[in-house]
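I would like the entire structure built from these sequences, with the hints used as guidance.
Quick note on the numbering used here: the sequence shown kicks off at 1014 and runs consecutively.
FYI, nobody ran anything at the bench for these hints, they're computed from the structure. Accuracy of the hints is not assured; some may be wrong.
List of simulated lysine to aspartate or glutamate pairs, EDC-like, C-alpha gap at most 20 Å [what the hints assert, rightly or not]:
#1 Lys1122 x Glu1186
#2 Lys1130 x Asp1063
#3 Lys1185 x Asp1155
#4 Lys1267 x Asp1277
#5 Lys1149 x Glu1242
#6 Lys1204 x Glu1241
#7 Lys1051 x Glu1026
#8 Lys1086 x Glu1039
#9 Lys1086 x Glu1045
#10 Lys1344 x Glu1330
#11 Lys1131 x Glu1039
#12 Lys1185 x Glu1141
#13 Lys1356 x Glu1226
#14 Lys1281 x Glu1259
#15 Lys1217 x Glu1259
#16 Lys1267 x Asp1089
#17 Lys1185 x Asp1089
#18 Lys1118 x Glu1026
#19 Lys1118 x Glu1023
#20 Lys1267 x Glu1242
#21 Lys1323 x Asp1277
#22 Lys1142 x Glu1026
Cβ-Cβ distance ranges computed for the label pairs, FRET-style [said to hold, decoys possible]:
#23 Gln1036 x Gly1300: 48 to 54 Å
#24 Glu1203 x Ser1336: 23 to 29 Å
#25 Ala1350 x Ser1164: 20 to 26 Å
#26 Asp1321 x Pro1119: 42 to 48 Å
#27 Glu1203 x Ile1124: 53 to 59 Å
These figures come from a predicted structure and were not determined experimentally. Where a beta carbon is used, it is the ideal one built from N, C-alpha and C, also for glycine.
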Amino acid sequence: MFNIVIVEDEPIELESLRRIISQCVENAVIHEASTGKKAIQLIDQFNHIDMIFVDINIPLPNGNQVIEYLRKKSADTKVIVTTANDDFDIVRSMYNLKVNDYLLKPVKKSILIDTIKKTLEVNEDDNEKSRALKQKVFTLIDECRYAPWHSLLFDMINGACHIDGHNEEQRKEVIDFLEIVSQYTTVQGEKLAPTHRKVTAMIKDINQYGIIENRYFRVIFGLLTISEELFDYAFKNYSGNIDFIERAKFHIEKNILRNLTLDDVAAKSFVSPCYLSRAFKKITGIGFSNYIATRKITIAKSLLQFSDMKVNTIALELAYQDSNYFCRIFKKETGLAPSDYRKIVTPAESAALA
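This is the structure:
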């Protein structure tokens, strides 16, 4: 995911730049500043900016001063200057500030696209991969497909969790995923503004600390909370038909860390408990209670493998008040006791945590 800042005081120019960048860099998060003061605020706000477009003739501080300020903070940010002035002295001063390119207005679209791709070293395969992930994320939320969403979430987080907690490539995929979620909340506007802030905080947290065993549940709990807000919003705005079985599954996923009863889920599904129980088994091929157990044990397996939580703590977090009962359910589902499962998936850590 690329953090890109556009510093431009002409609304038409700014909109044109934003549109072209969005078209040629699929995984771009674009920030805008119409004055030098706002640009400096953005520079202070972000830990890293991949590329910045600066119009030299913006209101004070001018573009030259903005770039000077940026260079005190970052030598790595790619800088593209845009201006209608072709004065040689200005051009020379720009290159003294390690500007990557200097474009005279009006800039042809083809030249701008080539400059962006060359400067950022945009990989078309990465663009396509990001495009596919964005479509998947937006579709899962908009269609209220809660269970597949949770599966994607855990796949992403677990993929970034190795013993040392520093799998950089996989962690970048998690950040890219969360940036796409952030884009979704931004598109929805003020109604998801609180959720957007939580996603932003989560991105900062993972960037700073990674996803190590003593923080694993904190990350998962935060993401499940964010997911609940996203899917509550999507559910309220969904225009399609959701049958009572899908309503039941939705309610189960929403409350996966809480105690779930047949009566509660049936009430949310607008059918009687007896009817839901019979129909659930007939339609899904698995009993209602077994379905809930399977979903909870899936989370338990991740907690056993990637967190430092003790077995009885995991049981409580999954709303099993009796840890012995949790152990029986876990063994029934997996064929192993929780402590034995942990020894297999995390042999180096098992002795202290079981």
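Verification of the hints:
A hinted pair counts as satisfied when its Cα atoms are at most 20 Å apart, and lysine 1122 with glutamate 1186 does not qualify at roughly 30 Å. Annotation: proposed proximity of lysine 1130 to aspartate 1063 holds, straight-line Cα distance about 12 Å (limit 20 Å). This hinted pair does not check out: lysine 1185 and aspartate 1155 have alpha carbons roughly 25 Å apart, beyond 20 Å. A threshold of 20 Å between alpha carbons decides the hint, and for lysine 1267 with aspartate 1277 the separation of about 12 Å falls inside it, so the pair holds.
Between lysine 1149 and glutamate 1242 the alpha-carbon distance is near 18 Å, which keeps this suggested pair within the 20 Å criterion. For the suggested pair lysine 1204 and glutamate 1241, the alpha carbons sit about 14 Å apart, so the restraint of at most 20 Å is met. Our distance criterion of 20 Å between C-alpha atoms is met by lysine 1051 and glutamate 1026, whose separation comes to about 17 Å. About 27 Å separates the Cα atoms of lysine 1086 and glutamate 1039, which puts this hinted pair outside 20 Å; it is violated.
A hinted pair counts as satisfied when its Cα atoms are at most 20 Å apart, and lysine 1086 with glutamate 1045 qualifies at roughly 19 Å. The hinted pair formed by lysine 1344 and glutamate 1330 meets the criterion: a straight-line CA distance of about 18 Å does not exceed 20 Å. A distance of roughly 15 Å separates the Cα atoms of lysine 1131 and glutamate 1039; the hinted pair therefore holds under the 20 Å criterion. Between lysine 1185 and glutamate 1141 the alpha-carbon distance is near 16 Å, which keeps this suggested pair within the 20 Å criterion.
Distance check on the hinted pair: lysine 1356 and glutamate 1226 sit about 15 Å apart at the alpha-carbon level, within 20 Å; holds. Restraint check for lysine 1281 and glutamate 1259: the C-alpha separation of about 11 Å stays at or below 20 Å, so the hint holds. Of the supplied pair hints, the one linking lysine 1217 and glutamate 1259 is violated, its CA atoms being roughly 34 Å apart against a limit of 20 Å. For a cut-off of 20 Å, the pair hint linking lysine 1267 to aspartate 1089 is broken: about 42 Å separates their Cα positions.
About 18 Å separates the Cα atoms of lysine 1185 and aspartate 1089, which keeps this hinted pair within 20 Å; it holds. Our distance criterion of 20 Å between C-alpha atoms is met by lysine 1118 and glutamate 1026, whose separation comes to about 10 Å. Among the hinted pairs, lysine 1118 with glutamate 1023 is consistent with the structure: their alpha-carbon atoms are about 12 Å apart, no more than 20 Å. Only pairs whose Cα atoms come within 20 Å are accepted, and lysine 1267 paired with glutamate 1242 is accepted, the gap being roughly 9 Å.
Between the alpha carbons of lysine 1323 and aspartate 1277 the distance comes to roughly 29 Å, so the proposed pair goes past 20 Å and is violated. Note on lysine 1142 and glutamate 1026: the hinted pairing is violated, with a Cα-Cα distance of about 29 Å set against a maximum of 20 Å. A hinted range of 48 to 54 Å for the beta carbons of glutamine 1036 and glycine 1300 is consistent with their spacing of about 50 Å. About 43 Å separates the C-beta atoms of glutamate 1203 and serine 1336, a value inconsistent with the hinted range of 23 to 29 Å.
Restraint check, alanine 1350 to serine 1164: a C-beta distance of roughly 25 Å satisfies the suggested window 20 to 26 Å. A beta carbon spacing of about 58 Å between aspartate 1321 and proline 1119 contradicts the range 42 to 48 Å that was offered as a hint. The supplied range of 53 to 59 Å is broken by glutamate 1203 and isoleucine 1124, whose beta-carbon atoms lie about 38 Å from each other.
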